[in-house]
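Since each chain comes alone in its own frame, lean on the hints to assemble the complex.
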Amino acid sequence: MTEPSSNVHDNPFRKLRYLIIDDFESFRLSMRQMLRTFGAEHIEVANNGAAAIQRCTYEHFDVVLCDYNLGEGKNGQHILEELRHKKLLKRASLFLMVTAETSKEMVMGAREYQPDAYLTKPINRAMLEKRLGSLVEQRRTLLPINRAIDLENYPEAITLCLQSIGKFPRYRTWLMKTLADLYQRVGDLSHAGKIYADVLAQRDLSWARLGKGKVLLADQRYDEAVAVLKALVADHPDYMEGYDLLAEALAQQGRLIPAQKTLQKATELSPNALLRQKQLATVAQANQDMETASSAWRKTVQLGAHSIHDNADHYLSLGTTLCELSDGDTSDVGKAYAEDARSTLARMEKRFADTPDVTTRSRLLQTRLHAGQGDLGAAQSCLDSLSDALADVDSLSADTGLEYARTLFRVGKDTDAKSLLGKLAQRFENDGDIIQKIENLLDEPVGFRQRMQARDLNKDGIKAFEAGNLDGAATAFREALAIVPSHTALNLNLVQVLMKQYSGDRQRKALLTDCQNLLATLSTLPQQHRQYARYQALHKKLEALRS
Amino acid sequence: MSDHSPIDFSMVIASAVHDMKNSLGMLLNSLDELRQEPPDGLTDSSRFNTLQYEAERLHSDLVQLLGIYRLGEQTLSAHIEEHFVPDFLASHLARHQPLLSGHNITYDIVADDINGYFDDDLLTGVLNNTINNAIRYTRDRIRLTAIERDGYLVIGVEDNGQGYPEHMQKDGPVSFKSLDFNSGSTSLGLFFASSVASLHRNDDREGFIRVHNGGELAGGIFEIWLP
Numbered sequence: 001m002t003e004p005s006s007n008v009h010d011n012p013f014r015k016l017r018y019l020i021i022d023d024f025e026s027f028r029l030s031m032r033q034m035l036r037t038f039g040a041e042h043i044e045v046a047n048n049g050a051a052a053i054q055r056c057t058y059e060h061f062d063v064v065l066c067d068y069n070l071g072e073g074k075n076g077q078h079i080l081e082e083l084r085h086k087k088l089l090k091r092a093s094l095f096l097m098v099t100a101e102t103s104k105e106m107v108m109g110a111r112e113y114q115p116d117a118y119l120t121k122p123i124n125r126a127m128l129e130k131r132l133g134s135l136v137e138q139r140r141t142l143l144p145i146n147r148a149i150d151l152e153n154y155p156e157a158i159t160l161c162l163q164s165i166g167k168f169p170r171y172r173t174w175l176m177k178t179l180a181d182l183y184q185r186v187g188d189l190s191h192a193g194k195i196y197a198d199v200l201a202q203r204d205l206s207w208a209r210l211g212k213g214k215v216l217l218a219d220q221r222y223d224e225a226v227a228v229l230k231a232l233v234a235d236h237p238d239y240m241e242g243y244d245l246l247a248e249a250l251a252q253q254g255r256l257i258p259a260q261k262t263l264q265k266a267t268e269l270s271p272n273a274l275l276r277q278k279q280l281a282t283v284a285q286a287n288q289d290m291e292t293a294s295s296a297w298r299k300t301v302q303l304g305a306h307s308i309h310d311n312a313d314h315y316l317s318l319g320t321t322l323c324e325l326s327d328g329d330t331s332d333v334g335k336a337y338a339e340d341a342r343s344t345l346a347r348m349e350k351r352f353a354d355t356p357d358v359t360t361r362s363r364l365l366q367t368r369l370h371a372g373q374g375d376l377g378a379a380q381s382c383l384d385s386l387s388d389a390l391a392d393v394d395s396l397s398a399d400t401g402l403e404y405a406r407t408l409f410r411v412g413k414d415t416d417a418k419s420l421l422g423k424l425a426q427r428f429e430n431d432g433d434i435i436q437k438i439e440n441l442l443d444e445p446v447g448f449r450q451r452m453q454a455r456d457l458n459k460d461g462i463k464a465f466e467a468g469n470l471d472g473a474a475t476a477f478r479e480a481l482a483i484v485p486s487h488t489a490l491n492l493n494l495v496q497v498l499m500k501q502y503s504g505d506r507q508r509k510a511l512l513t514d515c516q517n518l519l520a521t522l523s524t525l526p527q528q529h530r531q532y533a534r535y536q537a538l539h540k541k542l543e544a545l546r547s
Numbered sequence: 001m002s003d004h005s006p007i008d009f010s011m012v013i014a015s016a017v018h019d020m021k022n023s024l025g026m027l028l029n030s031l032d033e034l035r036q037e038p039p040d041g042l043t044d045s046s047r048f049n050t051l052q053y054e055a056e057r058l059h060s061d062l063v064q065l066l067g068i069y070r071l072g073e074q075t076l077s078a079h080i081e082e083h084f085v086p087d088f089l090a091s092h093l094a095r096h097q098p099l100l101s102g103h104n105i106t107y108d109i110v111a112d113d114i115n116g117y118f119d120d121d122l123l124t125g126v127l128n129n130t131i132n133n134a135i136r137y138t139r140d141r142i143r144l145t146a147i148e149r150d151g152y153l154v155i156g157v158e159d160n161g162q163g164y165p166e167h168m169q170k171d172g173p174v175s176f177k178s179l180d181f182n183s184g185s186t187s188l189g190l191f192f193a194s195s196v197a198s199l200h201r202n203d204d205r206e207g208f209i210r211v212h213n214g215g216e217l218a219g220g221i222f223e224i225w226l227p
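If you're matching them up, the sequences are chains A and B in order. Mind the numbering: the first sequence is residues 1 to 547 in UniProt numbering, read in order. Mind the numbering: the second sequence is residues 1 to 227 in UniProt numbering, read in order.
If you are wondering where the hints come from, they were derived from the structure by calculation, not from laboratory data. Small disclaimer: the values here were computed from a predicted structure and weren't measured. Ideal placement from N, C-alpha and C gives every residue a C-beta, glycine not left out. Just to be clear, a hint being listed does not mean it is correct.
[What the hints assert, rightly or not] Residues from chain A that keep clear of chain B, each with C-beta distances beyond 10 Å, as calculated:
1) Gly-73
2) Gln-114
3) Ala-126
4) Met-127
5) Arg-147
6) Lys-167
7) Arg-170
8) Ile-257
9) Arg-347
10) Ala-389
11) Gly-412
12) Leu-441
13) Leu-512
[As the list claims (entries may be wrong)] Residues from chain B shown here face chain A by an in silico Cβ test under 10 Å; the list is partial:
14) Leu-27
15) Asn-29
16) Tyr-53
17) Gln-74
18) Thr-75
19) Ile-80
20) Arg-95
21) Pro-98
22) His-103
23) Asp-113
24) Thr-124
25) Ser-198
The following block holds chain B by itself, in its conformation from the complex (with noise of 0.2 Å):
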C-alpha cells in the first residue's frame, strides 16, 4: 500500500528554511573572516559588499519567514525583559558596522539613558530587517533613535533617503490580509514588526509601528512604539 498521507508543506518549509538560514549564518561568519583578513583592499571592494550585504539580506528575510511560520503555529510569545536601551542599539549598529563603513554611510545614535521592556530575539529581528533596508535606501545616513514618549518606549531607524513611498506608510497595525502578494513589494517585514509590536503587551495597552517620513535627516523614518 503506499502512503497517502498528506504532504504538511508549511512544515516542511519551515525546516528548509531552518537549514537555509544556519548555512548563511556560517557563510556570514567567513564573510567576516575574510574581512578581516589582510590585505583589507576587500573592504573598499563594492563587490564584496554587495555579497555581504545580500547574503545579510537573505538572513534577516529567513529569520523573519520562521518567525511568520511561529506566529501562525502560535508558538511565538514575547520574553519581555528589561534592557538598557543605549546598549541594546549600539550592539545592533555594531553587527552592521562591516557594511555601513564599507558602503560609506555614517551613523549615530541618539537615545535617552533609559531602561525599556521588550524581547530582545524579537526585536533583533525587526531591527537587523529595518537596517538592512535603510542600509538599501539611505543616501549616506542612518541614525538610530530611542525616547520614551506618551509612557511608550520608541525606537526609531531614520535615514536620509527618498523616504518610504505612500502605500508602505503605516501608523498601526498591519493586518495579514492588507497584504498585497500580487505586487512586488509585499510589506512582509512591516507586517512581521507590527506582530512583534502587538505581541508586545503591558496591561490593555499594545505595541505597534509607525512608518512616516521626514525627521532631522528628512528620509524615511520607522518606529515600534512598546508599551
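One chain only, chain A, in its complex shape (with noise of 0.2 Å):
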C-alpha cells in the first residue's frame, strides 16, 4: 500500500545520523535493519550508557534511539538528562525512549528533560515507519526554532514560532507550549500567561495550567499560584509536575509543613526522580522533620550512583541529618545513627576525592558526631587536625565557614563561632540566602531536638499571649530562651510580653530593666537583620516608657 520510502528521491530518513542504545543486541540488529530499510544510512550502536555518551561526546547525532532499561549502570532516563545536560544533544536532534509497558510509568515521573516521544515495544517496522516519519518530518518543520534555541537567540525563536503558528495548525501544541517557555526565559511574563489563558479559554489542558501557575509562581503571586496547582493535582492525581510546582509555590508562602506534605504524596507516587527526593529532602529538614528528611537524602544519594546530578552535597546533607537524630544519643539507636553517617562519609571522600574541601566538610561532621557520643577527646582531636586547613578562614567557601561555625558551637566554642559569622556576615553581605543562613545559626546553634523545643515553647508563648495570659507568656519565652539565648525574635517576643505587663501595673519597675537587659543584649544586632525594624521599634518603645 505503501511505497517503500527508500525508493524515493528525497528520502528524508536517508540523511540523517542515528545512535541505538541497548543492551540486546539482536534488538540492535533487528533496529538497525529496520532503520536501513527506510534508507538510513549513517547508523551507530551503543550497548551501554557511558558507551553512548562517549559517541555522543565526539560525533553529532540526529536521532537516538534509546531502550529505556539498560541493565547495571545508567538506565535512559539517565543518558537523556547527561546528553541534553552537556548540551552533547542539541534540542535540533531527537531523543525517542523505548519503553516496555512497564518502565513507562517509572518514566513518566522524571523531573525534567523528557523524550521528543515514547516508543513502546513492541515494535514492528510498519510502526517505526510511520512514527519516525512523523517525527523527522517535524523535526524538520521546526528545524530554524530549535536551531535559534540552541543558540540561545530567544528573540529569533520566538519570532520564527509566532510565524510558525498560523502556518503548520499540526505542531499547535508544540509551538504554543515552546512559545510560551521562550517568553519565560526572556522575562516576558505577561505574554507567556496570555498563551496559557488563550489555551485555557479554548479548552482545559493541564500543560497550560501548569503553566499558568508557573507564571503566577515567578511573578509571586503565591496565592493564586497555590489555588491554581491545587485544583490542578486534584483533578489530575497522577501529575507529577503539578506536585513539584505546588510545593514550591507553597514553600515561597512560607508554608513548609505543607509542602512537605505535597512532596511526600509525589515521591510516593514517583519514588525515582532524584530533584524530587531532594527537595522533599530540603525542605523536610527545613521542617526539623529529620527521620523524613533523613531517608528522602538517603534516596537522593542513591539515586545520584548513575545520575548527572550526583553531588557531594547530597552524602553531607545525608550525614547531617543522621548526625542530628545521633546527637546525645548513646543508645544502640544513636550509635547506630552516627556509625550510618560515618559510612556515609567514607563513601563520599572515596567518590568525590577530587572535590575541593570534601575532606574538610567530612571532617567537621565527623567532629560533631564524636561530640554528639560524648567523645570529647576524639572530637577535639578530629577539630585540631584540620587546623591547616582552616587557618585562612578569610578565605572559606560560604558552606565551609557555616559548617566550621557549627562546629565551633557544638564543642562549646561560642565565642569563635560568633566571630567566625561576624567575618562571614561581611564578606557575604549582600548574598540574602547565606545572611538567612548565619542568621538561623546565631538564633539556634544547637541540635534539632532542642530547636524543636524552643520552637514549641516559642508558640506556646504566643498562643498564651494572644490568649491574654501575659504570666504564661513570658515563662514560656523564658524557658525557650534558656535552649536559644541569642533567639533574637525570642528576646523581642519577650520584650514585648514584659512592656505589656508593665503597661498593666505601672508599679512593676523591675520589668523595664529586664527589657533595658534583653535589648542590651541585641545591641549588635545589623541593619539588614530581619527583626532590626522591630527590635528598633521596640527600643523607642521602651525609652518612651521610662521618661
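This is the structure in C-alpha cells:
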C-alpha cells in the first residue's frame, strides 16, 4: 500500500545520523535493519550508557533511539539527562525513548528533560516507519526554531514560532508550549501568561494550567499559584509536575509543612526522580523532620549513583541529618545513626576525592559526630587535624564556613563561632541566602531536638500572649530562651510581653530593667537583620515608657 | 500467632495481570522479529497468524483489565493533549499491519486533516481492542475514520463483516450494572471504551460511544465521540 520510502528520491531518513542504544544485540540488529530499509545510512550503536555518552561526545547525531532499561548502570533517562545537560545533544536532535510498558510509568515521573517521544515495545517495521517518519518531518519543519533556541537566540526563536503558528496547525501545541516557555526565558511573564490563558479559554488542558501556575509563581503571586496548582493535582492526581510546582509555591508562601506533605505524596507516587527527593529532603530538614529528611537524602544519594545530578552535598546532607539524629543519643539507636553517618562520609570521600573541601567538611561533621556521642577528646583531635585547612577563614567558602561555625558551637567554642560568623556576614553581606543561614545558625546553634523544643515553647508563648495570659507567655519565652539564649525573635517576643505587663501595672519597674537588659544583648544587631525594624520599634517604645 | 490479615485479591490480580501483560509484550516482540526473519513463509502461515492474533488479543485484554482496575481505584485520569488525528490513526494501523496483511485484510484511513484533543494512551487501549475485534469479525476490509461532527471528534472503526448483534449495539454510556457476567460475551470491552470516552470532558460535555451497523462497508461500526 505504501511505497517503500527507500525508493523515494528525496528520502527524509537518508541523510540523518542515528544512534541506537540497547543492551541486547538482537534488538540493536533488528532496529538497525529496520532503519536501513527506510534508507538510513549513518547508523551507530552502543550497548550501554557510558558508551553512548562517549559516542555523543565526539559525534553528532540527529536521532537517538534509546532503550529505557539497560540493565546495570545508567538507564535511558540518565542518558537523556546527561546528554541534554552537557549539551552533547542539541534540541534540534531527537531523543526517542523505547520502553516496555512497565517502564513507561517509571519514566513518566521524570522531573526534567522529557524525551521527544516514547516508542512502546513491541515495535514493528510499519509502526516505526510511520512514527519516525512523522517525527522526522516535525523535526525538519521546526528545525529553524530549535536551532535558534540552541544558539540561545530567543527573540529570533519567538519570531519564528509566531510565524509558524498559522502555517503549521498540526504542530500548534508544540509551538504554543515552546512560545510560552521562550517568553518565560526572556522574562516576559505577561506574554507567557497570555498564551496559557488563550489556550485555557479554548480548552481545559493540564499543561496550560501548569504553565499558568508557573507564571503566577514567577510573578510572586503565590496565593493564586497555590490555588491553580491545588486544583490541578486534585483533577489529575498523577500529574507529577503539578505537585513539584505546588510544593514550590507553598514553600514560597512560607508554608513548609503543607509543602512537605505535597512532596511526600509525589514521591510516593513516583519515587525515582532525584531532584524531587532532594526537594523533599530540603523541605523536611527545614521543618526539623529529621527522619523524613534523612530517608529522602538517602534516596537522593542512591539515585545519584548513575545520575548527572550526583553531588557530594547530598552525602554531606545525609550525614548531617544522621548526625542530628544521633546527637546526644548514646543508646544503640543513636550509635547506629552515627555509624551510618560515618560510612556515608567514607563513601563520599572515596567517590568525590577530587572535589575541593570534601575532606574538610567530612572531618567537621565527624567532629560533631564524636561530640554528639560524648567523646569530646576525639572531637577535639578531629577538629585539631583541620587547623591548617581552616587557618585562613577569609578564604573559606560560605558553606564550609557555616559548617565550621556549627562545629565550633557544638564543641562549646561559642565565642569563636560567633566571631567567625561575623566575618562571614561581612564577606557575604550582599548574599541574602547566606545571610539568612548565618542568622538562623546564630539564633539556634543547638541540635534539632532542642531546636524543636524551643520552637514549641515559642508557639506556646505566642498562643498564651494572644489569649491575654501574659504570665504564661513570659514563662514560655523564658524557658525557650534558656535553650537558645541568642534567638533574636524570641528575645523580642519576651520584651514585648514584659512591656505589656508593665503597662498593666506601672508599679513593676523591675520589668523595664529586664527589658533593657534583653535589648542590650541585641545592641549589635546589624541593620539588614530581618528583626531589625522590630528591634528598633521596641527600643523606642521602651525609651518612651522609661521617660 | 498466624497472620489473619485479609487478602486484597483485586490487588493480587492487578499485579499478576501486570506481569502477564509484560510477558506477552515480550512474546509479541519475538513474534514480530520472527516474522521479519527469512524465509518469510511465516507471513503466509495461518497458524502463525492465529498465534499472533490471539497473543495481541490477550495483550489488549490485559491492558483493558488494568485500565478497569484503575477505574475502580479511581486512579485513572485522562491526560488530554492535542494530537494530529491522521498521524495518530496511521500509527495505529501500522501496529496491526503485519496481522492485517497476514489475514489478507485490506485497510484504509478516511480522516480529515484535523487536530483532536484526547489522551493517546487511553485511546490506544480502546482502538487496539476494537481493531482486534474488527480483524476477527470482518470479511476482508477495515476502515478507520475521523471527522468532526456537532463539535465532537468522531473516531470510527468500520468493517464489512456481519455487524454487531442486537444486544451489543449502543448509543450512549455503558454502565457497569448493565454487564451480564453470566453470558459468554460480557461487553467488557465496550464498558471500557465507554468509560474512557466519559473520562474525556470539555466544559459540560462528555464523550460517549456508539455501536451500530451499516456505513459504506455495510458491516459493524464502532464510534467514539470525544467532545
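Outcome of the hint check:
Remark: the non-interface label on Gly-73(A) is consistent with the geometry, its nearest Cβ contact in chain B lying 22 Å away (cut-off 10 Å). The beta carbon of Gln-114(A) sits about 12 Å from the closest Cβ of chain B, which is more than 10 Å, so the claim that it is off the interface holds. For Ala-126(A), the requirement that its beta carbon stay farther than 10 Å from each beta carbon of chain B is not met, with the minimum near 4 Å. Residue placement check: Met-127(A) does not keep its beta carbon more than 10 Å from all beta carbons of chain B (closest about 4 Å).
No Cβ of chain B comes within 10 Å of the Cβ of Arg-147(A); the nearest lies about 23 Å off, and the non-interface call holds. With 10 Å as the threshold on Cβ separation, the claim that Lys-167(A) sits away from chain B holds: the shortest Cβ distance comes to roughly 14 Å. Not every CB of chain B lies more than 10 Å from the CB of Arg-170(A), the least distance being 4 Å, so the non-interface label is violated. With 10 Å as the threshold on Cβ separation, the claim that Ile-257(A) sits away from chain B holds: the shortest Cβ distance comes to roughly 25 Å.
Look at Arg-347(A): its CB is around 34 Å from the nearest CB on chain B, clear of 10 Å, so calling it non-interface holds up. For Ala-389(A), the shortest C-beta to C-beta distance to chain B comes to about 52 Å, beyond the 10 Å cut-off, and the non-interface label holds. Against the 10 Å criterion, Gly-412(A) stays outside the reach of chain B, whose nearest CB is about 51 Å from its own CB. Listed as outside the interface, Leu-441(A) is consistent with that label: its C-beta sits roughly 44 Å from the nearest C-beta of chain B, beyond the 10 Å cut-off.
Non-interface status of Leu-512(A) relative to chain B is upheld: no Cβ of that chain comes within 10 Å, the nearest being about 63 Å off. Annotation: Leu-27(B) was flagged as interfacial toward chain A, and the flag holds, the nearest CB pair being 9 Å apart, inside 10 Å. Annotation: interface hint on Asn-29(B) holds; nearest CB of chain A at approximately 4 Å, less than 10 Å. Annotation: interface hint on Tyr-53(B) violated; nearest CB of chain A at approximately 14 Å, more than 10 Å.
Taken as an interface hint, Gln-74(B) checks out: its beta carbon lies about 9 Å from the nearest beta carbon of chain A, inside 10 Å. A distance limit of 10 Å between C-beta atoms decides the matter here; for Thr-75(B) the minimum to chain A is near 7 Å, and the interface restraint holds. Here the hint on Ile-80(B) is kept, as its CB sits about 6 Å from the closest CB of chain A, short of 10 Å. Taking 10 Å as the C-beta cut-off, the interface hint given for Arg-95(B) holds, the closest approach to chain A being about 5 Å.
Taken as an interface hint, Pro-98(B) checks out: its beta carbon lies about 6 Å from the nearest beta carbon of chain A, inside 10 Å. Restraint check, His-103(B) versus chain A: the minimum CB separation of about 15 Å is more than 10 Å; hint violated. Using the Cβ-Cβ criterion of 10 Å, the hint placing Asp-113(B) at the interface with chain A is satisfied: the shortest such distance is roughly 8 Å. With 10 Å as the threshold, the beta carbon of Thr-124(B) comes within range of chain A, its nearest partner Cβ sitting at about 9 Å, so the hint holds.
Look at Ser-198(B): its Cβ only gets to about 15 Å from chain A, farther than 10 Å, so that hint breaks.
Hints 3, 4, 7, 16, 22 and 25, counting from the list given before, are not met by this structure.
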